[in-house]
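2 protein chains.
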Amino acid sequence: VTTLAELATPALVLERGKLEANGARMRARLEGSGVRLRQHVKTSKSIEVARLAADAAHAPITVSTLAEAEHFFAHGFDDVLYAVGLVPGKFARVLALARAGCRVQVLVDGPEMAAAFVAAARAASVRVPVVIEIDTDDHRAGLAPESKLLLGTAAVLAENGLLGGVLTHAGNSYTSRDAAELRAWSRRERAGVLRAAERLREAGHAVPLVSLGSTPTVLAGESLAGVSEVRVGVYVFFDLVMAGLGVCALEDVALSVLASVIGHQAEKGWLVTDAGWMALSRDRGTQGQALDHGYGRVCDLDGHALEDLVVFDANQEHGLVAARSGPRLDVRRYPVGTLLRILPNHACATAAQHAAYHVVRGGRTVEARWERLRGW
Amino acid sequence: VTTLAELATPALVLERGKLEANGARMRARLEGSGVRLRQHVKTSKSIEVARLAADAAHAPITVSTLAEAEHFFAHGFDDVLYAVGLVPGKFARVLALARAGCRVQVLVDGPEMAAAFVAAARAASVRVPVVIEIDTDDHRAGLAPESKLLLGTAAVLAENGLLGGVLTHAGNSYTSRDAAELRAWSRRERAGVLRAAERLREAGHAVPLVSLGSTPTVLAGESLAGVSEVRVGVYVFFDLVMAGLGVCALEDVALSVLASVIGHQAEKGWLVTDAGWMALSRDRGTQGQALDHGYGRVCDLDGHALEDLVVFDANQEHGLVAARSGPRLDVRRYPVGTLLRILPNHACATAAQHAAYHVVRGGRTVEARWERLRGW
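Keeping their order, the protein sequence lines are chains A and B. Here the working numbering is used: the first residue of the first sequence is 10, the next is one more, and so on. Here the working numbering is used: the first residue of the second sequence is 10, the next is one more, and so on.
Everything hinted at is true.
Since the list can't tell identical chains apart, any single copy or any two copies may satisfy a pair.
Pairs of lysine to any residue, SDA-like flavour, derived with a Cα cap of 20 Å:
hint, residue 1, residue 2
1, Lys157, Glu211
2, Lys277, Gly180
3, Lys277, Ser334
4, Lys277, Asn324
5, Lys277, Glu316
6, Lys157, Glu207
No lab work stands behind these hints, which were simulated from the structure alone.
Pulled out of the complex, with its shape left as it was, chain A reads as follows:
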């Protein structure tokens, strides 16, 4: 048995109780709605986390890489949506998954890639439904709901019996400054994907999948009527960005980085720690929010937020901690060697800096080490 105090710092710590509660909250949100939960495993990249959060060994999942698809399929997750635009260089791996029995779906946002993939799937004699990406927030990929290319793309797929449906992700919801703005993104996300589905149905197509998501738009949104699935990832851990958006409390954040105080700058009121950007990531997601946490909010070894301490700067293996406001920190309260836990701005980014989760359940006993997948 290991305790937190025995881990080499920095190290990634996961509170199992919070993970379970966060998973239960999302399931409760969807209960009775007829909307399926398709957890986005890009956040955890962990078989154990995905199973616990979904409360089912082989629940439907969303992936951001083919490496995730292959890894999760090898562990029994056989219903996989690859939600990043496909290119020909990746066809072979998708087709191999399908041939091995994985119910994999892929994403395109135009007729050329739709035609190219349909031809490849036909040549390989496998059936892989293709979903059309819809852009509802002007921030990334996808066809606008009113795009002229939408019906043409759908026609190419439907001709071959491979039109899976429509999907959108209003990632711009993360920039919301208040609850009203977030609800507006949520409405816009749903309205856009429903409009795309409506156009396809008017053209005579069946649209089995109508998918949207992002943790904040699903948790803050009022209605999911007409939606068949949601894709959500960060809810399993939550993070400071989500707390800033008001969709969770600071106490719900299940992930933290264990760090040691390795030095002081007493005159400046700074603590130097061994959790720099290599351990925290360079993500500054709270920079645009009302409460900027720097590179992370500082807690004690039991996970309770300390005074008003934040990581205000980070180098590769050094983090600098100070009071966000108020009087200069008296560094003598945190002698060299003190253990701290830093809550992450963005759970996906911080977790990605680590090879594994060190799992605790309220106390300081590390009851498990859960590996994370990396790479593409």
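On the provided structure of chain A, position chain B as indicated by the hints.
What follows is chain B alone, placed relative to chain A:
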């Protein structure tokens, strides 16, 4: 034999010829100066890179983690300086390295940690020289050259025959806006560490090690007189921040991320690629420089910079490319499936997102895959 076109994207690409030239340049800079090169392997975390850049199998190295120290020692690098402030939780691993025959040195910045480590080393009957960290740029850890604690810290170490010397790192040099400012940081870094050494010598101590570094302060600095060693890391690859500081040309950057164009937003003049922050890192090091490259500068498959294209935004597995200035990009020039190479803002951060380097020598043939170490 693999070619770049056969790699799964995104993937990290290393130009061996540029790495060798960058290594030769640093050795030439130091030739005849009597100053020893102690490569900082936190940049590459690769045995093969360290060997090539140093032009010696077992040259002295600097490390930022004990995992690096253990890994490089296991591969024959037996002269290792651990340049991050030590804490008691890490004593055992340092002492184990020393017992195994590694000539390891450690860093402290005050008398308490000096005394604690000296006691531990004595109890373990091993000799591990301890270096005192000097703060010459007000940005992180260390004692000011005129600090009252300097002589007390040195006395604790010298009493036990363990005073290794003094070390500084003017990381604030990275924020220089022009060559004059960079030279000023370089002078300040050297003057500060020399002053600390002088105070120790005046107190009767031998000061074997006088160490400074950072790639830009060493390459742009005028004099290294009085310095015994330099610690430099990023010179092996260089990056956009270094190019912005004027210490290298864009063509010297040895590292890039291979990416596929996976979509278009034609009206906006955007390319969507599969190299998001997971592949590029969240580092925005050129944000404060005269030329902001966003999340990276976009090149063609052979590494030549394309028009004025930069990655202006990044999500986990999506990068958005557009012209930095001038007319809107005609996306038809880069069809979906086109392969691009993205130069990194900060080589240390971008490389850390990948498990391995794919090594090319000018052409498109991948002649080797070199693993990177990760973790602590």
